[in-house]
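Asks: The primary structure of each chain is shown beneath.
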Amino acid sequence: MSTPGGAPIHKDQLKAKYIGTGDADMTKYEWVTNMHRDTLASHVGHYDQLSYYAVAQNESIGRVKKEFIEKMLQPCNKPPVGKTVAGDGI
Amino acid sequence: MSGNAKDPPPPPSTDGGRGGIKFGTDIAYDDAYSADPSTLAGLGGVDDDRTMVTSLPTLEEERRMMMDDDDEYDEDNDEGRVIAPIDPDDVEDPFVRAAGGGSGGSARVIDRESSYHARRHDRVLREDGSSYKDVMADVNLDRERRELVEEARRELLDEETGEFKTRLDENGGAGGGDGGAGGPPVGEMEGGREGGRRRRRWDNTSTITTKDDIDGGGNVVTDGEQSLSGSGSRWDDGDSSASATSAAAAAARRRKRWDETPVLASGRTGLSRDSDATPLVIGKGWDATPVILSGGRTGGGTDPSSTPLIQGGATDGRPKRSRWDSTPAPSTMMTPLLSGGGATPSSSLLVGGQTPMLTGNLAKALLNEREMERRNRPWTDAALDAILPSEGYSTLPPPSSYVPMRTPGRKLLSTPTPYGQRTPAGFVMDIPPEEREGQTLQDIREAYGVPVSIDSRELIGGESAAASDGALPYIKPEDMQYFGRLMEDVEDEKRLTKEESRERQIMALLLKIKSGTPPQRKTAMRQITDKARSFGAGPLFHQILPLLMSPALEDQERHLLVKVIDRVLYKLDDLVRPYVHRILAVIEPLLIDEDYYARVEGREIISNLAKAAGLSTMISTMRPDIDSPDEYVRNTTSRAFAVVASALGVPSLLPFLKAVCRSRKSWMARHTGIKIVQQIALLMGCAVLPYLRELVEIVGHGLTDEQAKVRMMAALTISSLAEAAHPYGIESFDSVIRSLWKGASEHHGKGLAAFLKAIGFVIPLMEENYASHYTRLVMPILIREFHSPDEEMKRIVLKVVQQCVGTAGVEPEYIRKEILPEFFRNFWIRRMALDRRNYKQVIETTEELANKVGCSDILSRIVDDLKDDSEPYRRMVMETTQKVLESLGSGDIDDRLEERLIDGILYAFQEQAVDAGTSGAFGKEGQVMLDGFGTVVNALGERCKPYLKQIAGTIKWRLNNKAASVRMQAADLIGRIAVVMKACGEEQLMGHLGVVLYEYLGEEYPDVLGSILGALRSIVNVIGMTKMTPPIRDLLPRLTPILRNRHEKVQENCIDLVGRIADRGAEFVSAKEWMRICFELLELLKAHKKAIRRAAVSTFGYIAKAVGPQDVLHTLLNNLKVQDRQMRVCTTVAIAIVAETCGPFTVLPALMNEYRVPELNIQNGVLKALSFMFEYIGEMGKDYIYAVTPLLEDALMDRDAVHRQTGCAAVKHLSLGVAGLGCEDALIHLLNFVWPNIFEESPHVIQATCDAIEGLMVALGPNVILAYTVQGLYHPARKVREIYWKIYNMMYIYAADSMVLGFPAIEDEGDNTYARTTLELFI
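Going down the list, the protein sequences come from chains E and Y.
Residues 1 to 90 (the numbering used here) make up the first sequence, in order.
Residues 91 to 1413 (the numbering used here) make up the second sequence, in order.
Please note: incorrect hints may appear among the correct ones.
[Said to hold, decoys possible] In silico lysine-lysine, DSSO-like type, Cα no more than 27 angstroms apart, as pairs:
| hint | chain 1 | residue 1 | chain 2 | residue 2 |
| --- | --- | --- | --- | --- |
| 1 | E | K11 | Y | K661 |
| 2 | Y | K1369 | E | K17 |
| 3 | Y | K957 | Y | K942 |
| 4 | Y | K1369 | E | K28 |
| 5 | Y | K1014 | Y | K930 |
| 6 | Y | K957 | Y | K1039 |
| 7 | E | K11 | Y | K1376 |
[Unchecked claim] Partner residues are not named here, just some residues of chain E that face chain Y (Cβ under 10 angstroms, in silico):
| hint | residue |
| --- | --- |
| 8 | G22 |
| 9 | S42 |
| 10 | G45 |
| 11 | Y53 |
| 12 | V55 |
| 13 | A56 |
Just so you know, these hints were derived from the structure itself, not from any lab.
Every residue, glycine too, gets a C-beta built ideally from N, C-alpha and C.
The shape of chain E in the complex, shown without the other chains (with noise of 0.2 angstroms):
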């Protein structure tokens, strides 16, 4: 695995630096999640989609904009009962 520059990463600098990366051993329930944030963090990035996502609920944008925010935190609920999940963050 390299950067951009092509300078090799190592794998714990890999998650350190980007969160949504995974490895072999990563559980459903952590790559959704991931990807749910991603997804999220996308939505509230572009301002366009933010607006578009207000009109289709009818709430307005900053509104719309914290929920999204707060989703981040656990988008998929809590981690499936006996897989203790490892830097899910709650």
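Since chain E is already given, all that's left is putting chain Y on it; use the hints.
Replies: Here is chain Y on its own, set in the frame of chain E:
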């Protein structure tokens, strides 16, 4: 020795013929003032001692030195130096170093140690109050004692078996018959030991051999005389020589390693060897050969590990054998070699003399010969007996007419050589079982599938094997005192106590680390790290530390041992506390080592130690050293403290430093405390800024200390702090400015120099008006000190002037009036040019002055000195002129000055002393003149016109000079001034010079020829192709043969010129000539220098443009067939460049056609060329993508991984080029071929595949690739998942945002809602 080019000139040597003592060789002594005046006399007085660099540069200084190549007076040279009195014991045997050869000698740390550095050996270990010397002596004593006990025990044992007496007698007889060469009485040994203080190695050898001789000689009583003397083991040699000469040696000259070289153990036979000169050889070579060649009659090994030992089983059936018994009995073959009665070291001719001469080929030939010899050797009867059934066969006598073939010529090399069997190069077949040493009949029978009889467990040739205890590396004789015990056979592992076995374990690991092979070292290093905690700190350091103080330590070994400490420290953590002081005592000397890496290593260790042990331990351990009476200890301690401060943070150390610097108890503590601050500043640089105020306050009162040395140290520390803080932090120095000032006006001599230096560094931090004010205040003192006879003072004054003048607030008028006259009177004198450091400092200061007062003021004062008689002085003027003109230009030079200047440089240039002896370069001095001349002419520009004729005349005349260096310099000068000549409109003159240079193309010195070509190129560059004389059509054919010249400088300049002509004036030359050049260019692709290869490759492009691509391409495609990889790679680049310059369509058909040749290299070459081509042509690739797709398909499906790799590279460049140009269909098609390669194992292929996928990701968008990727993210096989996740991560890094739309929809599961509902919203 130091080898440091930046060294100050060596101080006067008082050592009478031992060679000058260089940097780092001078000893420091503590109090310059308290020293014996007689020692100082040799230095020409107390004042002189500061002319020497007194301490070694720290990292900071090192960096600075590298930056300005300046070897200025070191900050902390408060201590004077005297030269160590020569210890009569210490006079070295001049042969020692030569004897050491490549491996020993200079590699040893101790050999290049100065007497100051050597003081580490005297360091007192506080715990038991003994120095390392004492400790080592104890170790020796201890060892001897142990050996005596062992010996006594053995004797007892022997007596029990009733053999002892007989054997001893026999041994004595052998010795007596030999003039006392046998085992010497112990008393004699003792006498020998007292011979010299440093004769430890020697002693050891003999100590060991005492025992060796007694039971070694005693046990091997096999076949009479031969084996009697056969105790000639490695250790015996030393011993026998010891005994033979010990009486004489003890009194006479000091004996070194050479003396231990072979003297025969006893008179008749026996082998002796040079235990020192060729250490590796001895262990195995000698032992192995005799066994084989004598049909297994005699033999054995000194190195019990490598060869199973064989002994005469008939006579000695005792099971217990020490390693001393197992020394090789001499074979009959040896005897003639050692025919000189055994007393002469004739075998050293054989071993010591021959081995180093073994070149690779000879060694290989020998090896082969030995191999053939071994394989073609007739089977021994014993081996045949072992295999063939005993009944039904009878031995036939050979026919009477049979004469064995004797071809002595072929046997010449097959005499037993000491160098076989080790590290055979390449593949070597296994030795057949019947020829292996120490094989029992049963083993052979087993190997050949012959049924085994029970009673046949005796050895072939009646020998018995000795146990081998794992391969240990060879132990150097010097190391015997540390590792000797490993050689003692442990009779019963279980009888060892736990401690003993642990000790042996550590010892073995350390030995492997110290002298083992890299793999051995690696495993040992890992083991010792892993087991560090179970070994415990004590046992580890008790062994490591003495090793580090060993006098025979070599650089590499020290590095390895330091590494061990580092690893072990990490593991031991706080367990290390009790050993902190001992570790420090050993590691601190590294901080002042000459070797930069040793210093870095030392810092690393101390920093880790500090982190492991904690601040309080460090402080309490090092506290007593701070006021040690020994300057060496204080010096190293202060450096170590600085490292601790940087490791644990300066703030934590501040209270301690404050207390130390205020110590009432002794001035030494205060001095060391201040020095610690100085070292912190040097070590940490601008990182001291946060604590600057505290640090300045801590040392501030030292400026008014009653001890002169403390005052000086404080002033130097202030200057270091100011330097580190520059340009910030003046407010922190407020508190000390008054005392600095007072000090500067009160003191004189060395003290004043320190204060001036501090002021010099503080002033640049000040605001303008303050700086101006203080400059005016300090200037009278500086001007007064201009006259100082002290060189060091001069340099400091110059530096301070430079610093003061450089500040903004100083007016030019003031400088002109007050400083310049005195400055030039005192410093622009010939004498200043003689010392390199003065020379540089004068130039720098003058440059700074010129920056303030302008160019002409300075130049008019010095320009006439360009005609001075002294060459160094002229050079100093020239360099200053160059620097001043470079930074200020020639704007304010009037006509008169201009004339004087040109006149001066011409004179200086012509009057250079020619160093005709060297191969043609003037060196640095000539470069100064050349640069100066070039700079002046370029600075004057068009104003040079009137002088150009004269200059050209000079050049022409010098081009004709006999000395190559002069011709080269003249040609180089043309290169420098060509642009100015053009600007002056002197085209005719240039044409003329061109013709002159053209005529000199037959030059034979390659350096000169290169310069001439460079000059021609610069002329061609400025006057253009059309106006060039000689005309291009004449010039180029003359260059073609020069292209064949192998000299790099010639090649580079020639190809540059040819390339330039091909680029700009190709039409002047016929196509045929260009093709000829093409062929020559192919050779240049092999050049080592990249610039040459690059120029050659681009010249192909120019030529192809000029004469059309067909012929050039043909040449290049043919060149793909060559073997040399670099050639092929360069050729592919050239093809790609041709394709780029002439359009891909001119090249592609032929190129693709070439792919049909069924040859790996060619096909790969074509693919590579395609890859480069697509890289160069970028989006033009869209016109060709459909054309090359079938070819790439084929390549990506090829069985050869390199094909696929190169294909992937081509796909990468192709896809990056056509991104966004609507070629998705073709790219997806290619992706389908690229994708399976992700499972490739080879790192190159996988890298290329990933690159191709990255490229396709750009062209196709990440979601296409994501669709491929999600298939494997949760594959049951981990290997598969791993690579898929790797690709996923790669995409995530590049395009996380756009992947949002491509993520798969995942169904909810239990409580978890996995659907991304927002994406389903729409209006």
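Asks: If a hint holds in the structure, say so; if it does not, say that too.
Replies: To see whether the hints hold, each was checked on the structure:
{"no.": "1", "hint": "E:K11 x Y:K661", "result": "holds (25 angstroms)"}
{"no.": "2", "hint": "Y:K1369 x E:K17", "result": "holds (24 angstroms)"}
{"no.": "3", "hint": "Y:K957 x Y:K942", "result": "holds (26 angstroms)"}
{"no.": "4", "hint": "Y:K1369 x E:K28", "result": "holds (18 angstroms)"}
{"no.": "5", "hint": "Y:K1014 x Y:K930", "result": "holds (14 angstroms)"}
{"no.": "6", "hint": "Y:K957 x Y:K1039", "result": "holds (21 angstroms)"}
{"no.": "7", "hint": "E:K11 x Y:K1376", "result": "holds (10 angstroms)"}
{"no.": "8", "hint": "G22", "result": "holds (5 angstroms)"}
{"no.": "9", "hint": "S42", "result": "holds (4 angstroms)"}
{"no.": "10", "hint": "G45", "result": "holds (7 angstroms)"}
{"no.": "11", "hint": "Y53", "result": "holds (6 angstroms)"}
{"no.": "12", "hint": "V55", "result": "holds (6 angstroms)"}
{"no.": "13", "hint": "A56", "result": "holds (4 angstroms)"}
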